[in-house]
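*Asks:* Here is what each chain is made of, one letter per residue.
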Amino acid sequence: MQPIIKVLKLSYYYDSIPSLDDISFTVDKGDFLGIIGPNGAGKTTLFQCMLGIINDFRGEINLFGSDIRQNKKTLQRVGYVPQKKSVEQTFPATVKEIVSLGMIGKKINKEAIYNAIKFVELDAYTDKRIGELSEGQQQRVIIAKALVKDPDLLILDEPTTGIDSATQEKFYDLLKKLNKDKRITIVWSSHDMNAVERLANKVACIDRKLFFHGESGDFFGNDERMKSYVEFEMQSHMNLHFRRTEDGDNNLEKS
Amino acid sequence: MGMLFDIIQYGFMQRALLSAIAISVICSIVGLFLVLKRHSLFGDALAHVTFGGISLGLFIGVYPLWTAYIVAILSAVGVNKLRESTKIPPDSSIAVLLTSGLAIGIILISISGGFTVNLFSILFGNILLVSNDDLIIIMITDAIVIPVIYIFYNKLILITFDEKQAKVSGLNVSWINTLFIILASITIIASIRLVGVLLISSLIVIPNITALMLGKGFKKTIFISCAISIFSVVFGIVISYYLNLAPSGTMVLIMISMFLVTIIAKNMKFTLNKVLVTKN
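Sequence lines, in order, name chains A and B.
Using the working numbering, you'd call the opening residue of the first sequence number 1 and step up by one each time.
Using the working numbering, you'd call the opening residue of the second sequence number 1001 and step up by one each time.
You may find that some hints are simply not true.
[Unchecked claim] Cross-link-like lysine-lysine pairs, in silico, DSBU-like; alpha carbons within 30 Å at most: (1) B:1164 x A:170; (2) A:170 x B:1269; (3) A:29 x A:128; (4) A:85 x B:1037; (5) A:107 x B:1155; (6) A:85 x B:1266; (7) A:72 x B:1081; (8) B:1081 x A:84.
What the hints contain is simulated information worked out from the structure, not anything from laboratory work.
Bound conformation, chain B alone (with noise of 0.2 Å):
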C-alpha cells in the first residue's frame, strides 16, 4: 500500500490510475455480455478496425481518434447487420472485421512512408502518458456507457439469454443491438490508451471468465469481475512502476494468475468436496 502512496503523489500517475479505473470498469460490463454473447474477440476485431481508423486519421491529417470513432462505430454497426441479415456465422464476421481494419491501417502506413507517431503505443498501449484530454475522454464514455447498461440492462440480459424470447417480449431486438456495439466500440477506443490494439481482448475476457467461475446472479458476476479487473490494472500499474515493466503486459498476466489461481482453487474445491462425500 505504501508503494501506491509513493507513486500517487506524480500527476502522470494519478491519470494512469484514474483511467486505468475507469477504463476496466467498463470493459468488465461491456465484456460481460460480449462473452456471453460469445463475441470475445468482437474487442480484439474492433481494435484492428480502430488502428485502421487511427492510421486514416494520420494520413488525412484530420484528429486520429475522431477517425477512429467514426470508422470503429461504422464498422461495428455494418457487421452487426451483416450478421443479421446473413446466414454468416458470428466469429466469421468478426474475423472478417479484424482484418479489414489491419489491412487498411498496413496499406496507409505504408503509402505514407510510416508515421511520426509511436506506432508501439497504439500497439501495445502506454497508460502512464495519458494526457489530460485522454482522461476527458476517457471519463466522458464512462459517464456515456454505466447509465446507458444501467437503462437497458433487463433488456440486455434477456436478448443475452434468447434473442427469440426478446422479441416475443416486443423489444426492438435489432436496435438495443446496434446500440450495445456502439457502446462496446466507444469503449474499445478508450481503452486502447491502456492495453494498446493487441491485447485489448484480455481486458473485456479475462475478468469476465474469472468471475463467470465466482459469481451467482449478474449483477455480483459484474462486481467481481469489475474487481478483479481493478485489482489487475492497478497492482500492475505499481509493479510495472518499480520493476520497469511494460504496464500492459504485467497488468494482463496479473489477470491470467487470477484466472488460474481460480481454476485451481475451484478444482481443488471439487476434488475436496468429492473425498468429504466418498469419506461420508
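Chain A extracted, bound-state conformation (with noise of 0.2 Å):
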C-alpha cells in the first residue's frame, strides 16, 4: 500500500548551517507517529516541509502519492495544527468563524462546522471570541479547523507545549479518539515523551539526523536504545538525562 508520507534524503541547511540532514522515513495509512527531538532538532523545520511551507529543501517529500513541491493540492486533504500561540484577546472573529476558516476552497458546510465545534467539545462556545477563550481552548478551536475539512492526514506540532496538564490529557484524548474512531492518521510533535509511549504506535527521533524511526514499542521497551538516544543526542543541546522511574515511567531529567 502507498505510504500517506514519504520523506527521502531529505536535508534542509539555513544559513549554511544543516537543520535537517538526509531524513528518510515513511508514514502509513492509520499510523500515530510521535516524533521526538530536543529544541532545535529540526522538527518545525520538518514539518514546514512536509507542508510546503518550506520549498527550497533537498530530497523528495510525497504526500498520497504526489510530491508536495508539484501538487499542493494535497494539502486539502490536510489538517494542520501548528505551535500554541496565544491570541489577542481583541481578535474578533468567534470560534465558529474561525472553524469555518478549515472549509477555505469547499463548499461552506455549517452541519460540519457544528460536529467539528461538538467533537471538541466547544459547543457552548460557538459565538464566542477566540480570544476570550482559555489557551487549551484556543487550541481545540485549531483542531476543530483542522478537522472540518475531514482530513485523512492531521499535522500537530507541539501542540500542547505550555498547556497545564490536565488540559494535556484531555488534548491526548482527542488525539486518540481521532485516529482510533476517525481513522485520521496523525504525525504529532512532542517533548512529553511518557505520553507520545502511550499513544504513538510510531516513533521518529530527530536531531538534525534521523537517530530512530520505528514501532513504539521497539524505542520505549528499549533501554539501551532510549538510553544511548537521550545520553548522546539530547545531552548536548539541553543537559538531560533519562530515567525510568519505578512506575516505569519515562523521565527526562536535568543534570
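Two chains, two frames, some hints: make the complex.
*Replies:* Printed below as a string of C-alpha cells:
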C-alpha cells in the first residue's frame, strides 16, 4: 500500500547550517507517529517542508503519492495544528468563524462546522471570540478548524506546549479518539515522552539527523536504545538525562 | 435631524455627505484588517506617499490623481515585498514608506517654488470641495474595494489570523497580500479628500479599535465600525457647517469622543460586574 507520507533523503540548510540532514522515513495510513527531539532538532522545519511552507529543501517529500513541491492540492487533505500561539483577546472572530476558515476552497457546510466544534467539546462557546477562551480551548478550536475539512492526515507541531497537564490529558484523549474512531493518520511532535509512548504506534527521533524510526515499543521498550538516544543526542543540547521511574515512566531530568 | 435636512438641499453638501459615507465604509472595512495585522500606520504612510505622488503630478504637469495612484500602489507593493523578502520589522518598513513619500513631496515643492493648488486641502482635506468627478472616483473605488474584499473575505481573515496556516490551506498568501495592499492604496487616495494626508489614520484606526471593544464576530465588528464611522462623518459635516469649524478635525474629534465614551462605558460595566459578584 502506498504510504501517506514518504520523506526521502531530506536535507535543509539554514544560512549554510544544516537544520535537517539526510532524513528518510514513511508514514502509513492509520499510523500515529510521534516525533521527538530536543529544541532546535528541526521538528518544525521538517513539518514546514512536509507542508510546502519551505520549498528549497534537498531530497523528496511525497504526500499521498504526489511531490509536495509539484502538487499543493494534496494539502486539502491535511489538517495542520501549529505550535500554540496566544490569540489577542480583541481578535474579533468567533469560534464558529475560525472553524469555518478550515473550509476555504470548499462549500461551507454549517453542519460540518457544528460537528467539528462539538467533537472538540466547545459547542457551548460557538459564538464566543476565540481570544476570550483559555489557551487549551484555543488549541481545540484550531483542531476543530483542522478537522472540519475531514482530513486524512493531521499534523500537529508541539500543540500542548505551555498548556496545563489536565488540559493536556484531554487533548491526548482527543487525539486518540481521532486516530482510533476517525482513522485519521496523525503526525505529532512533542517533548512529552510519556504521552508519545502511550499514544503513538510509531516513533521518530530526530536531532537534525534521524536517530530512530520504527515501532514505538521497539524504542520505548529498549532501555539501551533510549539511553543512547538521550545521552548522546539530547545531552549536548539540553543537559538532560533519561531515568525510568519505579512506575515504569520515562522521565527526562536535568543534570 | 432638521439641521441635516436643511443643509442637504445644497449640491456641494449632497456630494460631501455621499462621498463621506462612501469613504467611511471602505476605510472601516480595509482598516479592520490593517489594525489586526498591526499595520495601523500603513494608511498614514500611504497618505504621505500619495502626497509625494500628487506633488510629482503637479511638477511634471500630469493630472495629480493619476500620479498619486501609480506612486502609491508601486510604493505599497514594493514595501510589502520588502517586508516579505527581508527581516525588516513591519513598522520600520512603514516608516521608510512614510518618510520617503514626504521627502519626495517636499523636494518637488521646493524645486518648483510652490504649487498653485491649495496644499492645505491636501494636508487636512476639505470634503466641502468635492466635485462631481471626485464623487465618481470615490464611488468607483467603493465599487472595486467592497466586492473584492467580499470575495476574499474568509481568505483575508485566515491570513490575518495566521499566515502559516493560510499557506498550508493552499492559499497564495503573497498574491492575496499584494491585492489587499493595492485595495488599501486606492482606498487611502480616495479618502484624502475627506480628512487629508495628516488625519487619514483616524478613519482607518479609530472606528475599528472602538468596534473591537464592542463587536463579537468579524462581520459584526465591521458593521459597528462602519456605523461609528458614518455617524462621525455625517455628524461632523453638519456640526462643522453650523459652527464654522474645519470638517476633517470635527469628524476626527467625534470619532475620538466615541472611542473615549466606549472605554469609559466598558470600564464602568466591568466595575459594576465586579461589585455585583462581590456582593453575591
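*Asks:* Evaluate each hint against the coordinates.
*Replies:* Hints versus structure:
1. B:1164 x A:170: 26 Å, holds
2. A:170 x B:1269: Violated, at roughly 34 Å.
3. A:29 x A:128: Roughly 36 Å separates the two Cα atoms, so the pair is violated.
4. A:85 x B:1037: 15 Å, holds
5. A:107 x B:1155: Roughly 14 Å separates the two Cα atoms, so the pair holds.
6. A:85 x B:1266: 27 Å, holds
7. A:72 x B:1081: 23 Å, holds
8. B:1081 x A:84: With a Cα-Cα distance of about 27 Å, the restraint between residue 1081 of chain B and residue 84 of chain A holds, given a limit of 30 Å.
Checked against the numbered hints given earlier, the structure breaks hints 2 and 3 and satisfies all the rest.
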